[in-house]
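K.L.:
Top to bottom, those sequences are chains A and B. Each residue of the first sequence is one higher than the last, beginning at 0 in numbering that gives the first Met the number 0. Each residue of the second sequence is one higher than the last, beginning at 0 in numbering that gives the first Met the number 0.
Since the hints were made in silico from the structure, they are not lab data. Some hints here could point you the wrong way.
[Claimed, not checked] Mimicking SDA-like on lysine to any residue, the simulated pairs with C-alpha atoms at most 20 angstroms apart in a straight line are:
id	chain 1	residue 1	chain 2	residue 2
1	B	Lys1	A	Leu41
2	B	Lys1	A	Ala21
3	B	Lys1	A	Pro58
Here the structure is a predicted model, which is why all the values come from computation and not from measurement.
The lines below spell out each chain.
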Amino acid sequence: MKVLLRNPRREIDVPGPIRVHALIARLELNRESVLVIRGDALVPGDALLADDDVVEVRPVISGGAR
Amino acid sequence: MKCRVCRGPAVIDLPRHNANFCPEHFLAFTRRQVVRAIEDFEMIAPGDRVLVAVSGGKDSLALWDLLLEHGYAADGLHLGLGIGDYSDQSTRCARAFADDRGATLLEIDLRADRGFDVPTAAAATGRPPCSACGLSKRHLFDEAARDGGYDVVATGHNLDDEAAVLFGNTLTWNTEYLGRQVPALPARHGFARKVKPLVRLTERETAAWCVLRRIDYQVEECPLAAGNRHLGYKEVLNTLEARSPGTKAAFYLGFLDRAVARFRSDIASDSDGGLQTCNRCGSATTNETCAFCSVVERARAHQPVPVSAPRRRR
Numbered sequence: 000m001k002v003l004l005r006n007p008r009r010e011i012d013v014p015g016p017i018r019v020h021a022l023i024a025r026l027e028l029n030r031e032s033v034l035v036i037r038g039d040a041l042v043p044g045d046a047l048l049a050d051d052d053v054v055e056v057r058p059v060i061s062g063g064a065r
Numbered sequence: 000m001k002c003r004v005c006r007g008p009a010v011i012d013l014p015r016h017n018a019n020f021c022p023e024h025f026l027a028f029t030r031r032q033v034v035r036a037i038e039d040f041e042m043i044a045p046g047d048r049v050l051v052a053v054s055g056g057k058d059s060l061a062l063w064d065l066l067l068e069h070g071y072a073a074d075g076l077h078l079g080l081g082i083g084d085y086s087d088q089s090t091r092c093a094r095a096f097a098d099d100r101g102a103t104l105l106e107i108d109l110r111a112d113r114g115f116d117v118p119t120a121a122a123a124t125g126r127p128p129c130s131a132c133g134l135s136k137r138h139l140f141d142e143a144a145r146d147g148g149y150d151v152v153a154t155g156h157n158l159d160d161e162a163a164v165l166f167g168n169t170l171t172w173n174t175e176y177l178g179r180q181v182p183a184l185p186a187r188h189g190f191a192r193k194v195k196p197l198v199r200l201t202e203r204e205t206a207a208w209c210v211l212r213r214i215d216y217q218v219e220e221c222p223l224a225a226g227n228r229h230l231g232y233k234e235v236l237n238t239l240e241a242r243s244p245g246t247k248a249a250f251y252l253g254f255l256d257r258a259v260a261r262f263r264s265d266i267a268s269d270s271d272g273g274l275q276t277c278n279r280c281g282s283a284t285t286n287e288t289c290a291f292c293s294v295v296e297r298a299r300a301h302q303p304v305p306v307s308a309p310r311r312r313r
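Extracted from the complex, chain A is given alone in its bound form (with noise of 0.2 angstroms):
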């Protein structure tokens, strides 16, 4: 599947299927800093991505002043 990372912005090959929960522990990241969105829908650390699915893994951390 393609996966779109963020900061900086590209897009990798992951092969699925796959479960968020477990692409986000190969991908090195912390569950609580990114939300899984396929299409515009969001999607749950359970839920299986099919090998054809395009993903964006958008971190959710801000920093800096506010």
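Got chain A sorted already, so can you dock chain B onto it with the hints?
P.N.:
What follows is chain B alone, placed relative to chain A:
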């Protein structure tokens, strides 16, 4: 994975609440958290005029959305910080949100309206960019609230932000800052009340609110904030959270419930005695010229500098 409330398909899992939610019930959960924060800390009174600090990121737009949804008289104020494409995109998101809802968005462009920008202020003063940025925001939001007759300035600080600040203040035992770290600061010295209605929500939850509400927000990280200490604290806390869900909420909300009062006596005197009027802008300050006006003066005299990632001391 099923929604805890309706048993329909869940779209998000919240380990800290041992719960999964469908879109409808996640949005309801989020609203409850914000209402509870506003009520528990008496943030906004009926009839108050609220000025929302709108960066164009997920937290500020989620906050503005929630306040408007609840019927508050909430206008936005956006600052153009002059941080290249990042600022341009942030401004586009803030404007698009306001246009969609017919909401009032006030804007200040630092370069056009004040003669400086954040990268130049940082270079001219030797301050870290986040310090120059935060100082500018605090001053200009206070000023706009005062000039516009707003009762409250609302910011999008969330549970992760507050837990990270608390972590940093605890590591250094900065007891004065600990005593001041409350989500609602009363109006004083001509400044409006300052409130943080999102303190019961994590960043993941505010981002999910925006995705579900189809709010187009600035997703990219500020290029000047990369690698700062605050982000490092968040990473540490999220590592703990992943191992033990609920850690961040227990740390911060437990601090508010059981510890913050113990540090009140360490707060330097709030009396008007030590304050005077800034000889440039008229704001209350402890010096002849306030910190913001000092920075502006030096930044205006400096050649504008391009955006570049900051060098970090390790």
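K.L.:
All the hints need checking, so say for each whether the structure fits it.
P.N.:
Hints, one by one, checked against the model:
| no. | hint | verdict |
| --- | --- | --- |
| 1 | B:Lys1 - A:Leu41 | holds, 14 angstroms |
| 2 | B:Lys1 - A:Ala21 | holds, 19 angstroms |
| 3 | B:Lys1 - A:Pro58 | violated, 24 angstroms |
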